[in-house]
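> Chains as they are written, first to last, in this note's numbering: chain A, 1 to 210; chain B, 1 to 210.
These aren't lab readings, by the way, just hints derived from the structure by calculation.
Any given hint could be a false lead.
Chain copies aren't distinguished; within one or between two, either way the pair holds.
To be verified - List of simulated lysine-lysine pairs, DSS-like, C-alpha gap at most 30 Å: (1) K68 x K11; (2) K51 x K25; (3) K95 x K144.
Protein chains: 2
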Amino acid sequence: MRNVLDRNQDKAEDNRKILKEHNVKMINMISSPGAGKTTLLERSCEYLQDKVNVGVIEGDAYTDRDAKRLERFDIPIVQINTEGSCHLDSNSVAKALENIDLGSVDVLFVENVGNLICPTAFDLGEDFVVAVLSTTEGHDKPAKYPMLFRKAKATILNKTDLLPYINFDLPGFEKDLKDINPHMPIIQTSATQASGIDQWNLWLMGELKG
Amino acid sequence: MRNVLDRNQDKAEDNRKILKEHNVKMINMISSPGAGKTTLLERSCEYLQDKVNVGVIEGDAYTDRDAKRLERFDIPIVQINTEGSCHLDSNSVAKALENIDLGSVDVLFVENVGNLICPTAFDLGEDFVVAVLSTTEGHDKPAKYPMLFRKAKATILNKTDLLPYINFDLPGFEKDLKDINPHMPIIQTSATQASGIDQWNLWLMGELKG
Numbered sequence: 001m002r003n004v005l006d007r008n009q010d011k012a013e014d015n016r017k018i019l020k021e022h023n024v025k026m027i028n029m030i031s032s033p034g035a036g037k038t039t040l041l042e043r044s045c046e047y048l049q050d051k052v053n054v055g056v057i058e059g060d061a062y063t064d065r066d067a068k069r070l071e072r073f074d075i076p077i078v079q080i081n082t083e084g085s086c087h088l089d090s091n092s093v094a095k096a097l098e099n100i101d102l103g104s105v106d107v108l109f110v111e112n113v114g115n116l117i118c119p120t121a122f123d124l125g126e127d128f129v130v131a132v133l134s135t136t137e138g139h140d141k142p143a144k145y146p147m148l149f150r151k152a153k154a155t156i157l158n159k160t161d162l163l164p165y166i167n168f169d170l171p172g173f174e175k176d177l178k179d180i181n182p183h184m185p186i187i188q189t190s191a192t193q194a195s196g197i198d199q200w201n202l203w204l205m206g207e208l209k210g
Numbered sequence: 001m002r003n004v005l006d007r008n009q010d011k012a013e014d015n016r017k018i019l020k021e022h023n024v025k026m027i028n029m030i031s032s033p034g035a036g037k038t039t040l041l042e043r044s045c046e047y048l049q050d051k052v053n054v055g056v057i058e059g060d061a062y063t064d065r066d067a068k069r070l071e072r073f074d075i076p077i078v079q080i081n082t083e084g085s086c087h088l089d090s091n092s093v094a095k096a097l098e099n100i101d102l103g104s105v106d107v108l109f110v111e112n113v114g115n116l117i118c119p120t121a122f123d124l125g126e127d128f129v130v131a132v133l134s135t136t137e138g139h140d141k142p143a144k145y146p147m148l149f150r151k152a153k154a155t156i157l158n159k160t161d162l163l164p165y166i167n168f169d170l171p172g173f174e175k176d177l178k179d180i181n182p183h184m185p186i187i188q189t190s191a192t193q194a195s196g197i198d199q200w201n202l203w204l205m206g207e208l209k210g
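In isolation and in its complexed conformation, chain A is listed as follows:
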């Protein structure tokens, strides 16, 4: 396992170097299955498409359903099917990068395989990780899966439109996150209702300029 992670890290550094040479910022989006990453990316593409050049790497265990949902945008999309593996690794991302004209991309989103654990251990060469959690998964998830929330530069709390219908302890959630990663911003969104999306995109634009 140590060996696997060491090799992954070496390749991740290669990816990071290539991306830096082309001035591309890569963002690794990690969440559980069905937290709303693809819908968030749709909202981000709508906002960003006349401001910066966006590309997407779609990671899925099987199927290309998520990639198909993004096809309406005129952007480069590369699908990685992990054939049952539970996370992307830097080697598969390196191959995807070969199929993207990096000179014409400013921001490259990577939608990782839906999983709160394994993707966290595999650096892909990204500039930073964004964690996405949906309210319906429960407020206890940061405490139960701290690795992701420790690593993330921001956490998106998605599906806030469902808060009135569920038991979600927002102060408890925020307190747990503060214990794990004290200065990390928490951005509340409902991607389906397009609420909070401006806040997410403004934060993102700030990071892209930084």
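With chain A fixed as given, assemble chain B onto it according to the hints.
Frame of chain A; chain B shown alone:
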């Protein structure tokens, strides 16, 4: 990896033999994080406690929050913390079995680590797997994570109380499941609202007798 799975399978068969000797049925519950496995177990314990002797093995990457939620029942509960590993394996379950008086248990629920992929590859020695999916994760999950739904003996579709507030294509979901596992029952529940729980428990009682 082959080696890891082979060794896991050997130990799983040992567990299966021990459980059979003690007439214990073991059920491996697999879902994404936050699909409602623990709440379902609470509802099942309430229903089953005066009918059969229940035990629980709680798998978590970190924390014992789920086990604590079940402490109000006077049943044996063994916590396995995987320390960041994304699934239970047959070896950790074998150790847990040593800490349970199997002579006084009829049904042993295993709540696996929240993850739709990795736990599917690791036989624990269970009698069967039950998949739990929550409506809020989206109808496309069986097609995207077919391994679990191919292996499961039943699928629980939980959080049906949220169906009015989300886009969930129920016929599409059922069609995908039928393609993957044609005769598998789909049981709709809302564990928080205690709806559909009778259907789940009746199905379970039927399996325990069989």
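> Would you mind marking each hint as holding or not holding in the structure?
Here's how the hints hold up against the structure:
1. K68 x K11: Result: close within a single copy only, 28 Å intra versus 42 Å inter.
2. K51 x K25: The answer is within: 14 Å in one copy meets 30 Å, while 59 Å across copies does not.
3. K95 x K144: between (33 Å within a copy, 22 Å between copies)
The structure meets every hint from the earlier list without exception.
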